[in-house]
Amino acid sequence: MPGFLNDNFLLSTEIARKLYFDHAKDMPIIDYHCHVPPKQIYENTHFSNITEVWLAGDHYKWRLMRSNGVDEYYITGGASDYEKFLKFAQTLPKAIGNPMYHWCHLELKNYFGYEGVLNEKTADEVWKLCEERLKKGDLGVRDIIKQSNVKFIGTTDDPVDTLEYHKLIAEDNSIDTIVAPSFRPDKAINIDKKGWKEYIKTLSEVAHVDINSVEALKEALAKRVDHFDAHGCKASDHGLDKIVYKTAEDIDLDAVMRKVLDGGVANDEETEAFKTELLIFCATEYKNHGWVMQLHYNCIRNPNSVMFRELGPDTGYDVIGPSNDCLKFTLLMDRLNRDGVLPKTIIYSLDPTDNQFIDTLLGAFQGTEVPGKIQHGSAWWFNDNKQGMRDQLISLANLSLLGNFVGMLTDSRSFLSYTRHEYFRRILCQLIGEWVDNGEYPDDEETLGQIVKDICFNNAERYFNI
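When you read off a place in the sequence shown, starting at 1, and then add 667, the result is the number in our numbering.
Any given hint might turn out to be false.
[What the hints assert, rightly or not] The following label-pair restraints were derived from C-beta to C-beta distances:
{"id": "1", "residue 1": "F688", "residue 2": "K761", "range": "31 to 41 Å"}
{"id": "2", "residue 1": "E1128", "residue 2": "F975", "range": "35 to 45 Å"}
{"id": "3", "residue 1": "F688", "residue 2": "W1048", "range": "40 to 50 Å"}
{"id": "4", "residue 1": "E798", "residue 2": "G764", "range": "28 to 38 Å"}
{"id": "5", "residue 1": "N955", "residue 2": "A837", "range": "14 to 24 Å"}
{"id": "6", "residue 1": "G780", "residue 2": "F688", "range": "18 to 28 Å"}
{"id": "7", "residue 1": "V784", "residue 2": "Y749", "range": "37 to 47 Å"}
{"id": "8", "residue 1": "K1120", "residue 2": "A837", "range": "24 to 34 Å"}
{"id": "9", "residue 1": "E916", "residue 2": "A837", "range": "43 to 53 Å"}
{"id": "10", "residue 1": "D810", "residue 2": "M974", "range": "45 to 55 Å"}
{"id": "11", "residue 1": "S841", "residue 2": "G780", "range": "20 to 30 Å"}
{"id": "12", "residue 1": "K864", "residue 2": "S679", "range": "53 to 63 Å"}
If you are wondering where the hints come from, they were derived from the structure by calculation, not from laboratory data. Ideal Cβ positions, reconstructed from N, Cα and C, are used throughout, including at glycine.
Take the sequences, apply the hints, and build the full model.
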């Protein structure tokens, strides 16, 4: 029986091991969608202890602790960093079958050299080892990025952001990794969300546009797109509760805007028509700038109203939403395609039952700009576990061209999460190895190796024009 997390972790066949070690392992990383702060990259932030770099902001870990009955005081509350780490160490052994168990131990092994198992008994040993390792001063943010062989990082940024740290990073010759902003206009589009009116005022000030109409809002967004483009932006990102498509033929969108700006509320039809209009406009801008449009959908956000009031968003209380109206998605894609403004697009659904729909949607709207113009994004959020990744890869292979896939991303707020690329690469090589061993694909290392390298790095490099 193989030992835990040994060199052949997740690689059970000879061809899988060969593909991973000879072709996948040392490929650079393009982390085209994540939530790490560019300020910490520029300042080369150094962390004092494992909690600062590992638990702070990581709602994946927070969810596990809550599921173990841990009081919020030890999660996001006022407990000491050591107390928080100890509570997590007590929780982790119960996470059998959860990717977090693998990720945590890969991170401890790859960055801190810890070969053991984290639990309540070893917590103090791990805490001290990590503390000593961090004190050496060679495990700052830039060191982690360099050690992880990351060539490109796509952060997630609001249209009103100054992008000052992206500018400083680009001007710093000591930083080899490209760090580019990604345009996330959710707050401008979500007219139905709390705070929209206040956000529009901020956007007006930043863009120097008096936003009193839909056209004025489009003008402001276009200015911010130009600003992002000047700072090397390669992609946008939209976090959609659900896919929308409703034409505004019978709806006065300017009147809807005025109503909400005056303190009123848009009804469901008005909201959907407004969002559709803005989404189509944004896609047009992306197409004109050669950007990639990323669409994340089917998430029910912040259903726990008590904890939302206490902690706010992005704290680990979101859930998978119901399968979306597929017809609306096809109508939206057809409209963009018909108008000649369909950009390169990556589609992510939080609902894994959408896999086959997405993979057939790709084939209906591909283009000649780049192989795989329309992509099924890597298994996202609650799906980026072993089974979720395999399911996404198998569905994509069954219904489209796996060889054109742009591969993995971290979608993380932690700089230690680059191990997720290793996790993905091992799963990819294992799956391909199984197909070869089953006689489903020739044992042709040259072809197989190229497919693996393309999925791990080359396809994304080409797709994002890096």
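Going through the hints against the structure:
1. F688 to K761: 31 to 41 Å: Taking Cβ atoms as reference, F688 and K761 lie about 32 Å apart, which means the hint holds.
2. E1128 to F975: 35 to 45 Å: holds, 39 Å
3. F688 to W1048: 40 to 50 Å: The hinted range 40 to 50 Å is violated for F688 and W1048, with Cβ atoms some 29 Å apart.
4. E798 to G764: 28 to 38 Å: holds, 30 Å
5. N955 to A837: 14 to 24 Å: holds, 23 Å
6. G780 to F688: 18 to 28 Å: About 20 Å separates the Cβ atoms of G780 and F688, which means 18 to 28 Å holds.
7. V784 to Y749: 37 to 47 Å: Roughly 19 Å apart at Cβ, these two residues miss the hinted range, so it is violated.
8. K1120 to A837: 24 to 34 Å: Check passed, 28 Å falls within 24 to 34 Å.
9. E916 to A837: 43 to 53 Å: holds, 44 Å
10. D810 to M974: 45 to 55 Å: violated, 35 Å
11. S841 to G780: 20 to 30 Å: Holds - the Cβ-Cβ distance for S841 and G780, about 26 Å, lies within 20 to 30 Å.
12. K864 to S679: 53 to 63 Å: Check passed, 56 Å falls within 53 to 63 Å.
In terms of the numbered hints stated before, the structure departs from hints 3, 7 and 10, listed from lowest to highest.
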